[in-house]
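So the protein sequences, as listed, match chains A and B. For the first sequence, this note's numbering assigns the number 1 to the initial residue and increments by one for each residue that follows. For the second sequence, this note's numbering assigns the number 1001 to the initial residue and increments by one for each residue that follows.
Bear in mind the hints are in silico, worked out from the structure with no lab data behind them. A few of these clues could be false.
[What the hints assert, rightly or not] Here chain B is said to cover these stretches of chain A; the calculated rule only asks that three of the stretch's residues, wherever they fall, bring their Cβ under 8 Å from a Cβ of chain B:
(1) 22-34
(2) 42-50
(3) 143-157
(4) 239-245
(5) 264-274
[To be verified] In silico negatives: residues of chain B with every beta carbon more than 12 Å from chain A:
(6) 1015
(7) 1025
(8) 1029
(9) 1123
Quantities reported herein were computed from a predicted structural model and do not represent experimental measurements. C-beta atoms are modelled at their ideal positions from N, C-alpha and C, and glycine is treated no differently.
The primary structure of each chain is shown beneath.
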Amino acid sequence: MLLGFTYAALAIFAIGVIYRGWKIAKMPVHLRWELAPVPHEKGKSRYGGSYFEEYEWWTKPREKSLLNEVWYMFLEIVFLRGVWEHKRPLWFFTFSFHFGGLYLPAASVGMMLLSSIPGFSLLGRWAVSLLGPGYLLGALGIGGLLYRRATDPEVKAFGSFATFFNLFFLLFIYLSGIYAMLPIEAFAGQITGFVKSLLFFNLNYTLSMPARIHVCSACLFLIYLPFTYMMHFVAKYFTYHEIRWNDKPMQRGSNMEKEVQSMLGQKVSWSAPHIMGEGKKTWVDAATEDVKK
Amino acid sequence: MSKVLRIEEMSKDRDSSLVELNKEKLDPLPAPYDTVEARKKWKTISNEKKEQVVCNLDGFVALGLPQPKDEKEEKIAVDKFISGLKKLLTKENNWSFLQPLTLSLEYCAKCQTCNDACPVFVESGRNDLYRPT
């Protein structure tokens, strides 16, 4: 039954993430705000520059740096660069939670899966050695974030029931994981066996009751996650790549031009006196007509 | 940092401003406007004018919204505001800003990391009324 529940949780998680990501990707093109720096601007990103600075830029090929962009993403995703630069008092705890509580367990599960490949069984033992420190760091991070949410006046006023519920939920997962890992030798064999059972649809596995509770709580979290703002791990891809960094110019005949033209042909229902759209005027109509005084 | 404001405070005391802006507390501007004396004097709104236009957020008039005369007019104004908010979330009325707005509304974790990126918030002396979240 636990195996079936885990499959269901993984399926709901995958469908939820894909659906919400698709919804964001399907949103119409937006009008760019010239936000800087753009990391892929070769030689210019360090001062927030742009290809627009080039004389007759439209006659020259764009020079981009993928390496710069990937490096920026690495620092942001792994080390939470934005928080380090703009909200440093929060950085230690949020880094502990993200790196320890999310990335290490994810790497651990990945290694357990790989350990199923003949010749790679050693990865299974190493995988569990990541899980313990991960859960400890995760619990430390969550504890610190709870403390900050409860005491820092700048964040305290913006904590909702959902904020605290999510933090306590995660704390429960980490603490149940730490408890389930004792003794660690038994846990290592059990959890690696369970992950392999998932991979090969094998009902022949053993999990202690604390480990079952831990796995159940993690599965419930996976089911819940796609419906919350914790989906920011997907949303951030679009926030960075579409909104902050998509500086592609609109060229004649391009897909972007076609999409913008299509959007401009939509009817607006704004009813303010200077628009009076009422569902009859298009964006082009509203922008090109004289405003009656 | 100024007093922490809650959204429900906007509907409480309408006879006085939600926040009082003070030139001395604003972030200094570059020279030669880096002294309080060098900044232009702010016009204060007369009591008569306050009864005609809405200015009870910070004592300034930005949009020239008329003060509702009675509960019926107030309800019309509130309904229009809510209708406008809903339109902002449709592609027909707001395709040009829909993706940035939706991403902010749905995925903001309220961590306050973006505060320093907002020049209005920073220049106001970190006045809570202008907090981006």
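Violating hint indices (sorted, rising): 2
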